[in-house]
Amino acid sequence: MVTTRVRHKWGMVVDLDRCTGCQACVVACQAENNIPINLEQHFLQRRAIEWIRIERYWEGLEEAEKTGDLSKVKARFIPILCQHCENAPCEPVCPVYATYHNNEGLNVQIYNRCIGTRYCVNNCPYQVRFFNFWQPTWPESLHNQLNPHVTVRTRGIMEKCTFCVQRLRKGGRKEVQEGKRLDDKEFDAQSGMFAPACARACPTDTLVFGDMNDPNSRVSTMAKDNRNYKLLASIGTEPNVIYLKKVDLDASDAATH
Amino acid sequence: MQAETPRSGRKALLIITGVVAGLLFIFVGLAVVPRVLAHYFWPIERWYRSAPVQPIDFPHPSHVQVGGIDCLFCHRTVAKEAMAGIPPVEQCMFCHKIVAKEQPRIQMLASFAERGEPIQWMRVHRLPDHVHFVHEAHITYFTRKDGVLPSQVCSTCHGDVGNMQRVQQVRSLRMGDCVDCHRQNGAPTDCFVCHY
Numbered sequence: 001m002v003t004t005r006v007r008h009k010w011g012m013v014v015d016l017d018r019c020t021g022c023q024a025c026v027v028a029c030q031a032e033n034n035i036p037i038n039l040e041q042h043f044l045q046r047r048a049i050e051w052i053r054i055e056r057y058w059e060g061l062e063e064a065e066k067t068g069d070l071s072k073v074k075a076r077f078i079p080i081l082c083q084h085c086e087n088a089p090c091e092p093v094c095p096v097y098a099t100y101h102n103n104e105g106l107n108v109q110i111y112n113r114c115i116g117t118r119y120c121v122n123n124c125p126y127q128v129r130f131f132n133f134w135q136p137t138w139p140e141s142l143h144n145q146l147n148p149h150v151t152v153r154t155r156g157i158m159e160k161c162t163f164c165v166q167r168l169r170k171g172g173r174k175e176v177q178e179g180k181r182l183d184d185k186e187f188d189a190q191s192g193m194f195a196p197a198c199a200r201a202c203p204t205d206t207l208v209f210g211d212m213n214d215p216n217s218r219v220s221t222m223a224k225d226n227r228n229y230k231l232l233a234s235i236g237t238e239p240n241v242i243y244l245k246k247v248d249l250d251a252s253d254a255a256t257h
Numbered sequence: 258m259q260a261e262t263p264r265s266g267r268k269a270l271l272i273i274t275g276v277v278a279g280l281l282f283i284f285v286g287l288a289v290v291p292r293v294l295a296h297y298f299w300p301i302e303r304w305y306r307s308a309p310v311q312p313i314d315f316p317h318p319s320h321v322q323v324g325g326i327d328c329l330f331c332h333r334t335v336a337k338e339a340m341a342g343i344p345p346v347e348q349c350m351f352c353h354k355i356v357a358k359e360q361p362r363i364q365m366l367a368s369f370a371e372r373g374e375p376i377q378w379m380r381v382h383r384l385p386d387h388v389h390f391v392h393e394a395h396i397t398y399f400t401r402k403d404g405v406l407p408s409q410v411c412s413t414c415h416g417d418v419g420n421m422q423r424v425q426q427v428r429s430l431r432m433g434d435c436v437d438c439h440r441q442n443g444a445p446t447d448c449f450v451c452h453y
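Protein sequence lines correspond, in order, to chains B and U. Using this note's numbering, the letters of the first sequence map in sequence onto residues 1 to 257. Using this note's numbering, the letters of the second sequence map in sequence onto residues 258 to 453.
Wrong hints could be hidden among the right ones.
The calculated label-pair distances, taken between Cβ atoms and stated as ranges, are [claimed, not checked]:
| no. | chain 1 | residue 1 | chain 2 | residue 2 | range |
| --- | --- | --- | --- | --- | --- |
| 1 | B | Asn123 | U | Ala288 | 32 to 38 Å |
| 2 | U | Cys438 | B | Asn112 | 15 to 21 Å |
| 3 | U | Ile283 | B | Ile115 | 24 to 30 Å |
| 4 | U | Gln364 | B | Asn144 | 30 to 36 Å |
If you only want the chain U side, here are some residues facing chain B, beta carbon under 8 Å, derived [said to hold, decoys possible]:
| no. | residue |
| --- | --- |
| 5 | His387 |
| 6 | Ala394 |
| 7 | Phe449 |
| 8 | Tyr453 |
Capping the alpha-carbon separation at 27 Å, the derived lysine-lysine pairs in DSS-like fashion look like this [stated by the list, open to error]:
| no. | chain 1 | residue 1 | chain 2 | residue 2 |
| --- | --- | --- | --- | --- |
| 9 | U | Lys402 | B | Lys180 |
| 10 | B | Lys185 | U | Lys337 |
| 11 | U | Lys402 | B | Lys174 |
| 12 | B | Lys185 | B | Lys174 |
| 13 | B | Lys230 | B | Lys9 |
| 14 | B | Lys170 | B | Lys9 |
Think of the hints as simulated: they come from the structure by calculation, not from any bench. The C-beta atom is built at its ideal place from N, Cα and C for all residues, glycine as well.
Starting from the given sequences, assemble the full structure and let the hints guide the process.
Structure, rendered in structure tokens:
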């Protein structure tokens, strides 16, 4: 008996109301996906590699600077990872077909096909693709820390968030073994074995991962929340990562939600 | 003097053309011709069929045919994990504490066990680092499809290892080989299945 493959559409919901900007997701991603160590000079050159990053904004800072009252300034955090767009601007510009959209809703980067033209990074509106300007090196003590299930990228190729596909592949094999669809329990932040590293590391359960094709999954129900929005929705990339707006109860925008 | 200038320019042009032609001739001679010749006279089988010499000559036939040991007894993780796994020296010593102790090869093995040193086996099958092959998925599929034991699936890719005095690779295991088989069995041929 061979079970037929289940059609998934992977997606993520980021509840900004819960994000504290602790950067646990960034560290988890760095460890899971063999991302090279970023030094200060790499950040200054804008060549640091972070598949997920936390962007920090000060809300109301300009007005506060005018009045001198900084008590109303609010810190806003947005975790930004590859949006796995349905209409990804990075895909049609690749001359060697190294990036494409696969049938699981993932925006894919094939390292051995990539020739490093960097057209995709220039066409990505979210700045979530990263080019290896140097051969990545790790100190001797970290050699056994590298994840054997993820390719170590070499110099001259593009890399990006994969939604931890090595875990999804493992989940897919479990699906075939047991003959049943992966449910939300498998992607739970506490006990789920197949959720991406960032979602598992998140202490406040901000990042929720799951199957968008399953109408009863947690991501599908959360995506219908009336706080939902997509990053740069106006340019029509149709991301598979959906953000839920942060709502302040004391602020005036509480009335609009 | 004015008539001299174009002539010397022509001479320089001649030298440059000569140098470029010479370099091109050397490049074609060194880089292209051997490759074209190798394509016809050095078939890929010559490369992958080489059977590397192992630090201890390990005869599969006397274990599989004579001893009747199942593949999974030594390659324990093949039906559970990505890698099939090479048994540790301790596992060889399960039997060889008693069996065939007087043979020189077994004495070599015993000396490795005494020193607590792993044996540096030469790897026979090797895929590039950007390919993620998982034994478990393939064993699961073929055991279910053909209704056979896991140890009867191995020969699909590895050939009849049980009769090989020294193990060698029997299939090219290049991407075309993988994709052909994936197509025949209705397995996905999406790049992201193996390359990530």
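Outcome of the hint check:
For the hinted restraint 32 to 38 Å between B/Asn123 and U/Ala288, the CB-CB distance of approximately 36 Å keeps it satisfied. Checked against the hint of 15 to 21 Å, the pair U/Cys438 and B/Asn112 passes, with Cβ atoms roughly 19 Å apart. The supplied range of 24 to 30 Å is met by U/Ile283 and B/Ile115, whose beta-carbon atoms lie about 27 Å from each other. For the pair U/Gln364 and B/Asn144, the supplied restraint of 30 to 36 Å holds, since their beta-carbon distance comes to about 33 Å.
Against a cut-off of 8 Å between C-beta atoms, the interface hint on U/His387 holds, since the closest Cβ of chain B lies about 5 Å away. This hint holds: U/Ala394 has a C-beta 5 Å from the nearest C-beta of chain B, less than the 8 Å allowed. Residue-level restraint check for U/Phe449 holds (minimum Cβ-Cβ distance to chain B is 5 Å; threshold 8 Å). The closest approach between the C-beta of U/Tyr453 and any C-beta of chain B is roughly 5 Å, which is under the 8 Å cut-off, so the hint is satisfied.
Of the supplied pair hints, the one linking U/Lys402 and B/Lys180 holds, its CA atoms being roughly 18 Å apart against a limit of 27 Å. For a cut-off of 27 Å, the pair hint linking B/Lys185 to U/Lys337 stands: about 22 Å separates their Cα positions. For a cut-off of 27 Å, the pair hint linking U/Lys402 to B/Lys174 stands: about 17 Å separates their Cα positions. A threshold of 27 Å between alpha carbons decides the hint, and for B/Lys185 with B/Lys174 the separation of about 13 Å falls inside it, so the pair holds.
Of the pairs offered as hints, the one joining B/Lys230 and B/Lys9 holds, with about 17 Å between alpha carbons and a cut-off of 27 Å not exceeded. For a cut-off of 27 Å, the pair hint linking B/Lys170 to B/Lys9 stands: about 16 Å separates their Cα positions.
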